[in-house]
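Asker: Now for the letters of each chain:
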Amino acid sequence: MSETETGTETGTDIVAEHPGETLEQHEQRMHEIAPRPELLPMLPGEIKPHPKPRDYVLIAVVLCILTAIEVGLYYLEGDVNDNLLIAMLIVLAVVKFFLVCSWYMHMRTDQPFFKRIFVVGIVLAMIVYGIAIATFASTIPSEL
Amino acid sequence: MAQAIAAPSDSTELVPAAGDHGHAHHATNTGVSNAKLGMWVFLSSEALFFGAFISTYFLYRGRDEEVGNPGPRPREVYDIAFTSVTSFVLLMSSLTMVLALAAIQRGDHRRLRIWLLATAFFGMVFIGGQVFEFTEFYREGLSLHTNLFGSTFFTLTGLHGAHVTMGIIWLLVLWGRSMQGRLHTEHAEAIEISGLYWHFVDVVWIVIFTAIYLVPQN
Amino acid sequence: MTTVEEAVTQAPVERARIVGRPTSSTGFWSWFTTVDHKKIAIMYGTTAIFFFLVGGVEALLIRIQLASPNNSFLDANQYNQMFTMHGTTMVFLMGMPIAAAFGNYFLPLMVGARDVAFPRLNMLGYWIFLFGGIFLYSSFLLGGAPNGGWVNYAPINSTPMADGFLPGRGPDFWAVGIIMLGIGSVATAVNFIVTALNMRAPGMTLMRMPVFVWMMLVVAFLTLFAMPPVTAALIQVYIDRNFDGNFFNAAMGGEPILYQHLFWIFGHPEVYILILPGMGIVSEILPVFSRKPLFGYAVVVFSGIAIGFLGWGVWAHHMFTSGIGPVAVAAFGLSTMLIAVPTGVKIFNWLGTVWGGAVRLRTPMLFALGFIAQFTIGGLSGVMHAIVPADTQQHDTYFVVAHFHYVLFGGLVFALFGGFYYWWPKIFGRMMNEKLGKVQFWLLVIGFNLTFFPMHFLGLEGQPRRTYTYDEGLQWEGLNQLATLGSFTIALAFLVFLVNAFMSRYSPPAPSDPWDGRTIEWMTPSPPPEYNFAQVPVIEHRDEFWHRKYTEDDEGRLLRLPAGAAVDTEEHEHLEADGHGIHMPSPSYWPFVFALALPILGYGFVFKNWYILAAGVVVGFFGLVAWALEPATAEDEGDDSGAGPGGGHLASAAVEGGARSRPIVDEGVH
Numbered sequence: 001m002s003e004t005e006t007g008t009e010t011g012t013d014i015v016a017e018h019p020g021e022t023l024e025q026h027e028q029r030m031h032e033i034a035p036r037p038e039l040l041p042m043l044p045g046e047i048k049p050h051p052k053p054r055d056y057v058l059i060a061v062v063l064c065i066l067t068a069i070e071v072g073l074y075y076l077e078g079d080v081n082d083n084l085l086i087a088m089l090i091v092l093a094v095v096k097f098f099l100v101c102s103w104y105m106h107m108r109t110d111q112p113f114f115k116r117i118f119v120v121g122i123v124l125a126m127i128v129y130g131i132a133i134a135t136f137a138s139t140i141p142s143e144l
Numbered sequence: 001m002a003q004a005i006a007a008p009s010d011s012t013e014l015v016p017a018a019g020d021h022g023h024a025h026h027a028t029n030t031g032v033s034n035a036k037l038g039m040w041v042f043l044s045s046e047a048l049f050f051g052a053f054i055s056t057y058f059l060y061r062g063r064d065e066e067v068g069n070p071g072p073r074p075r076e077v078y079d080i081a082f083t084s085v086t087s088f089v090l091l092m093s094s095l096t097m098v099l100a101l102a103a104i105q106r107g108d109h110r111r112l113r114i115w116l117l118a119t120a121f122f123g124m125v126f127i128g129g130q131v132f133e134f135t136e137f138y139r140e141g142l143s144l145h146t147n148l149f150g151s152t153f154f155t156l157t158g159l160h161g162a163h164v165t166m167g168i169i170w171l172l173v174l175w176g177r178s179m180q181g182r183l184h185t186e187h188a189e190a191i192e193i194s195g196l197y198w199h200f201v202d203v204v205w206i207v208i209f210t211a212i213y214l215v216p217q218n
Numbered sequence: 001m002t003t004v005e006e007a008v009t010q011a012p013v014e015r016a017r018i019v020g021r022p023t024s025s026t027g028f029w030s031w032f033t034t035v036d037h038k039k040i041a042i043m044y045g046t047t048a049i050f051f052f053l054v055g056g057v058e059a060l061l062i063r064i065q066l067a068s069p070n071n072s073f074l075d076a077n078q079y080n081q082m083f084t085m086h087g088t089t090m091v092f093l094m095g096m097p098i099a100a101a102f103g104n105y106f107l108p109l110m111v112g113a114r115d116v117a118f119p120r121l122n123m124l125g126y127w128i129f130l131f132g133g134i135f136l137y138s139s140f141l142l143g144g145a146p147n148g149g150w151v152n153y154a155p156i157n158s159t160p161m162a163d164g165f166l167p168g169r170g171p172d173f174w175a176v177g178i179i180m181l182g183i184g185s186v187a188t189a190v191n192f193i194v195t196a197l198n199m200r201a202p203g204m205t206l207m208r209m210p211v212f213v214w215m216m217l218v219v220a221f222l223t224l225f226a227m228p229p230v231t232a233a234l235i236q237v238y239i240d241r242n243f244d245g246n247f248f249n250a251a252m253g254g255e256p257i258l259y260q261h262l263f264w265i266f267g268h269p270e271v272y273i274l275i276l277p278g279m280g281i282v283s284e285i286l287p288v289f290s291r292k293p294l295f296g297y298a299v300v301v302f303s304g305i306a307i308g309f310l311g312w313g314v315w316a317h318h319m320f321t322s323g324i325g326p327v328a329v330a331a332f333g334l335s336t337m338l339i340a341v342p343t344g345v346k347i348f349n350w351l352g353t354v355w356g357g358a359v360r361l362r363t364p365m366l367f368a369l370g371f372i373a374q375f376t377i378g379g380l381s382g383v384m385h386a387i388v389p390a391d392t393q394q395h396d397t398y399f400v401v402a403h404f405h406y407v408l409f410g411g412l413v414f415a416l417f418g419g420f421y422y423w424w425p426k427i428f429g430r431m432m433n434e435k436l437g438k439v440q441f442w443l444l445v446i447g448f449n450l451t452f453f454p455m456h457f458l459g460l461e462g463q464p465r466r467t468y469t470y471d472e473g474l475q476w477e478g479l480n481q482l483a484t485l486g487s488f489t490i491a492l493a494f495l496v497f498l499v500n501a502f503m504s505r506y507s508p509p510a511p512s513d514p515w516d517g518r519t520i521e522w523m524t525p526s527p528p529p530e531y532n533f534a535q536v537p538v539i540e541h542r543d544e545f546w547h548r549k550y551t552e553d554d555e556g557r558l559l560r561l562p563a564g565a566a567v568d569t570e571e572h573e574h575l576e577a578d579g580h581g582i583h584m585p586s587p588s589y590w591p592f593v594f595a596l597a598l599p600i601l602g603y604g605f606v607f608k609n610w611y612i613l614a615a616g617v618v619v620g621f622f623g624l625v626a627w628a629l630e631p632a633t634a635e636d637e638g639d640d641s642g643a644g645p646g647g648g649h650l651a652s653a654a655v656e657g658g659a660r661s662r663p664i665v666d667e668g669v670h
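Residue numbers (the numbering used here), protein chains in the order written: chain A, 1 to 144; chain B, 1 to 218; chain C, 1 to 670.
In short, the hints are calculated from the structure, not lab data.
All the given hints hold, so there is nothing to weed out.
Chain C is faced by these chain B residues, among others (derived, beta-carbon under 10 Å):
no.: 1; residue: T28
no.: 2; residue: G38
no.: 3; residue: A52
no.: 4; residue: R63
no.: 5; residue: T146
no.: 6; residue: V173
no.: 7; residue: R182
We put the beta carbon where it would ideally sit given N, CA and C, even for glycine.
Make a model of the complete structure from these sequences and hints.
Answerer: Right under this line is the structure:
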């Protein structure tokens, strides 16, 4: 089975046969031929289809806003209690972390098996390094 | 038919083979492809790698002041506005990466190449920013030797930068394959796997950016 | 359709490369390009045995030095290099790779796969191991081997060379070499995990997997998570030494204890990385030679997993004397006692397996039983270390040396020899000599106990480890001489093994199932063909092969099923006559090239030479990109120009029929 035939069958690999067209023509043709985003084929290991590009952009906007808040918080240093600032920064970083993992790394739509393996690594890291750091707290005089 | 008995995965480690039409996963026990599972397993190992350096940074945070080590302190060298911009660029490269994936899944190979190049370009902007930052800090008197902050900061961010650099090379190899016409719609998974690595490097930076740049220092 | 035709005719031109794809699977050069898991396993095993010999010679030199008080056979620096390289070799160049050898050979065979999940990554793992070993040993010629102990503790190893704490570049070689070997180990671990989870034969659920496969899976996860912390610690040591960093520089507020934490977060799981494959091998041997299924399979598996989990919570028991505080010491003492529970459970399960069985005391069985006895002694002295005041007394004495040699030599090495005798006929198609095997076993038991049992007493009397000599009049001479005598007995036993291995070339061909085995690797001919199974078997039982050979009558007595029901010799002959009927991954140059870049980079880092570093980067980049652009199977390259999906040689009718009649069933982890 040839590349061309594969392409025709599934409505893909169309670019290869139109090397000369401009981007506008290409987009026009894509708009006509390409399957709608909701028809995206599922990749191995998925239990739900991937998000649509619109969702990706939406998440990016949220990530931008969160980053802006983070940087804004930085400039509040001194005006607000440090512990409060640290708590808010940690919450924001965790939210960003989860957004990227669940939407961009597709943990929402993939088999939970992947997520579990990754979570094992993260949790293990937090536990062993947390304990290691904690042992220093008890041995070092608090004010050196 | 042939797939049912072809036990070794047809997909390679870094870029699934030209001949892999994405069917290999049908023959696996978990129903997921070997390559994607392998990447997740590897990423969970990386979590412990970066965890070690981040923990080291936290252990030594503020200690320069306590023991009276020579200068510069973090707040004296950081340019938060500049680093915010490069961090923002890296964050946006994650968006272009998923758009590249969406493009190849739709069979839109032209967009795929545009987004791949955009992602690699954003990565290079980030690395360029890091190189600039490093030289700037060094000029202001901070080196691996100066104090604990110097040792921990350069090591942690430098190793992260090395990971971004590997990612850029990977993206460019994929782009080259696509240009050769050897990256078909069936290889969407190759883009997804490189994307997993790229997003992981991005989330590590989310943690680093907050932990070492933004959190108030004494 | 002209484009297609053009593509077909032009395809070979398009694919022309600087270097063609390697094709041969026989001959000298094929060993450099092979991706066959069995060939890679043999290379792992051979190289590891070579390093085993080297590490053994180092041990003998140590024993000669300690045979008499104030001996000047070795000077202090030479002695330091010997014990450092002995430990490093036995852990990183013998223990881990030999487990990788067994895992490589038998993990795919036991789960019914044709190869590992990533054949070229597998190949990369081996070459990194070989080059890493050569890199470490080249230090002897380049200014002195590592001499700061196999733990490479800070600050003695992290202080810059100019300050003269340790002569030579040893610690740099150690740090860079172990990082290198770690990369290979993680690659192999990823491979084993994906193979065991993803590539089992139809019907082989997780709870039908042989215990050896289970243990290798646990080991792979441990390796995966244990290598990064030590890599991080060694990067920090490297920066401290070469760029005057402050990570472990106490004068600048650095914490040498941080190194101990990072090292032992790796180091303790490493102990289980070394011993669990041995436990897996023993769990395969005992049922076969007792003609009984493994007693409490599920319990053995779960206690293996429990050991893997708990192994992460005990690392600080190596640091009881470093002042980590009473709370931490008490907590880690408790967790250390706890981990003895799953280990004890396993020992009782093995005893339960042998109990009441039709025991045949063949050589593999002898080694397995020797494992149980001696590992138990090592386990008991290990529990003694959980008692903190006792541990404080025993710390860094020969008592500790005795303890871990009972676990790793009396345990692991006995299991490995058992594995060699057990699987030798499968791997090489020849039996090993039973008499020589028994001679070796008894020599090893005597020599081993003679060497290491006196060390318990020496330790309790206070002889410190890592010290190159001792004074007269301490009453240590007798026991040390006994230990030296024992060590030469061990060397003799090893020699007997080598003779036996070599002589096996002349023994008659082994049948495919010489021991009346239980697991499916015995269903293949000896040695197995490149594709392992002509037809991938469908698994219906734990101990599948046994159930294909035997059934029970109404009163529960074993009945042998008619011969020929199990071994699919016919198809093999058919396929071999056919040439190659099965789609196998093709050999490749690139993992070798990429692995070659690592020692070049390593020398660049050790000598801080930008030209060498640049050369390493170029070689590595070239290898990596060429690898990334190369399809897994040569036949698949045809796909670009329309050879059809699946590519390659299609299966013969018999195999196709087999595949159809036994559909792949997706089950297992979801």
